[in-house]
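Student: I would like the entire structure built from these sequences, with the hints used as guidance.
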Amino acid sequence: MNANANINESKKKGRPVYLDYQATTPMDPRVVEAMAPFFGDKFGNPHSRNHFYGWEAEEAVEKARRQIADLIGTEEREIVFTSGATESNNLGIKGITRFHKENKNHIVTMATEHKCVLEACAASTRAEARRRLDEKRNENKRIDRTWLPQ
Amino acid sequence: MGMKNPVYMDHNATTAVRPEARDAVALALALTGNPSSVHGSGRTARRLVEDARDAVAALVGAEPAWVVFTSGGTEANNLALRVLPKRAPILCSAVEHASVLSVMDGIVEIPVDGDGVVDLGALEALLAGEDTPALVSVMLANNETGVLQPVADVAALAHEHGALIHCDAVQAAGKMAIDFRALGCDLMSLSAHKIGGPSGVGALVVTSGVEGDLALIPMLRGGGQERGRRAGTENVPGIAGFGAAARAAREGLTDFARLGRWRERIENRLRQHADSRVYGFGAPRLANTSCLTMPGVEAETQVIQFDLAGVAVSAGAACSSGKVEPSRVLAAMGVDANEAATAIRVSLGWNTTEDDADKFVEAWIQVYGQAQAHAA
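So the sequences go chain by chain: A and B.
Heads up: the first sequence at position 79 corresponds to 79 in my numbering, and the numbers run straight through without jumps.
Heads up: the second sequence at position 69 corresponds to 219 in my numbering, and the numbers run straight through without jumps.
None of these hints come from the bench; they were simulated from the model.
Just so it is clear, CB atoms sit at the ideal spot from N, CA and C, and this is done for glycine as well.
Wrong hints could be hidden among the right ones.
Unchecked claim - In silico DMTMM-like pairs for lysine to aspartate or glutamate, Cα to Cα no more than 20 Å straight-line:
hint, chain 1, residue 1, chain 2, residue 2
1, A, K42, A, E62
2, A, K63, A, D20
3, A, K42, A, E58
4, A, K94, A, E113
5, A, K63, A, E76
6, A, K115, A, E33
7, A, K42, B, E417
8, A, K94, B, D263
9, A, K63, A, D41
10, A, K63, A, E78
11, A, K42, B, E414
12, B, K509, B, D457
13, A, K42, A, E59
14, A, K13, A, D28
15, A, K63, A, E75
16, B, K509, B, E401
17, B, K509, B, E417
18, A, K42, B, D255
19, B, K509, A, E33
20, A, K115, B, D506
21, A, K101, B, D255
Stated by the list, open to error - Derived DEER-like restraints, expressed as beta-carbon distance ranges:
hint, chain 1, residue 1, chain 2, residue 2, range
22, A, A36, B, G460, 19 to 27 Å
23, B, Q516, A, H114, 28 to 36 Å
24, A, V80, B, N488, 48 to 56 Å
25, B, E512, A, E59, 25 to 33 Å
26, B, P476, A, Y21, 45 to 53 Å
27, B, D505, A, A85, 41 to 49 Å
28, B, D281, A, A36, 54 to 62 Å
29, B, H423, A, I96, 51 to 59 Å
30, B, A332, A, G40, 32 to 40 Å
31, A, V108, B, P434, 28 to 36 Å
Unchecked claim - One-sided and incomplete, this derived list gives chain A residues near chain B with beta-carbon spacing under 8 Å:
hint, residue
32, P26
33, P37
34, F39
35, D41
36, N50
37, F52
38, Y53
39, V61
40, A64
Tutor: As structure tokens, then:
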């Protein structure tokens, strides 16, 4: 839905004009339509390997995986479904830092990242590094190359 | 493949979405609003979330403030086990779900008896041997056998020894009345799709007592949603559907209990035809679940034959990816591996009809007859 249509639509319904699309956006009717069958007959568990209901649900999950891989130009096997971006950011940052904790010990981020990125970085960092990060954050709001490890 | 919509007898894997839940999801999908936004749209979304929190709390007799919405039962179980400082001992029954047993290394297993009921004497001895506060995690109902655990007794023992008690009630919720306070639990896991809600949403119920002295260690950090216990924009349609399903499931508890009669009839009729063994038969069980053997016929063969006959059943829990693995639950109950390999799980649900139950019995007798003829 474009902004003009939204404003006209809202005026007609007597609802406030919605201009907070960064917080969340209206659901596309095609999405609602795509979801509908899974609230009806197609209710299976995609991990049910023994029957039709499971296969049908698995097929839907794999179709979505292909669509998302195509959207960002990557491989299907590189897509891990999560509960949302907060979980993705937490999983990515904590997962990688934990995996590399022996040989790589720097995290570089920006003060302007989303709170869930900063929090996940902080949780993956030792107290000393966290203190230095906070100091840098306070003295300079933009990326400074000299912060990077030499 | 059989007909388009086979008779579904695998409701413990997931169950059909209840119409009430479907309507609540549809309503939420039509709204735009982030519950954290202070404008009108945000407040509407917030109301849906809080209304669902009330309904979920009511389903298990807990305070709404104790409900932390998660992405499902697995996340709730993972989060629950992070309630203690690192390296505090965690004791779990040997028949717990993989989302409890595989959360961390060093979990101590509490043995179960032949019916799959946790051994309270063994638990007491284990608790007496620990000098730091432990967490005890025992499920209310088992997913494979439906066997109920004496959670109130487990909780009393745990508290006597200064331990906390977490109860995985994912399979029990909506299938029997649950009173969180009377059970004496500190933490409880729930899942929406097992009670006729949408998938991708669940809850961890945590008493304020636990939060007071031992804070939950969040897995997801970020925007501070769910009072800092679980970050991430709330899944509003999912949560609204969970709330509606919780309400419908609570109202349907009496109807659900009636499934026990059909389950009993299934078991009785099968045993007239064969020496079928029902696991956990000697213990209290959920009304809807039966884990039973077809003598001499591998579960893999059975599920293929059942599929051809138009009946969907499960060979073990629907959780391990790939091939059917020997049931850890049955092994913990001391069942011989060869015998366990002939067991399937039948689970009825809120929309199961008497006709479905009869069709399953007919299919079972047919599949068994074919196998007998084949073996002869």
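Student: Can you list which hints this structure breaks, lowest number first?
Tutor: 2, 6, 7, 8, 11, 16, 18, 19, 20, 23, 24, 31, 33, 39, 40
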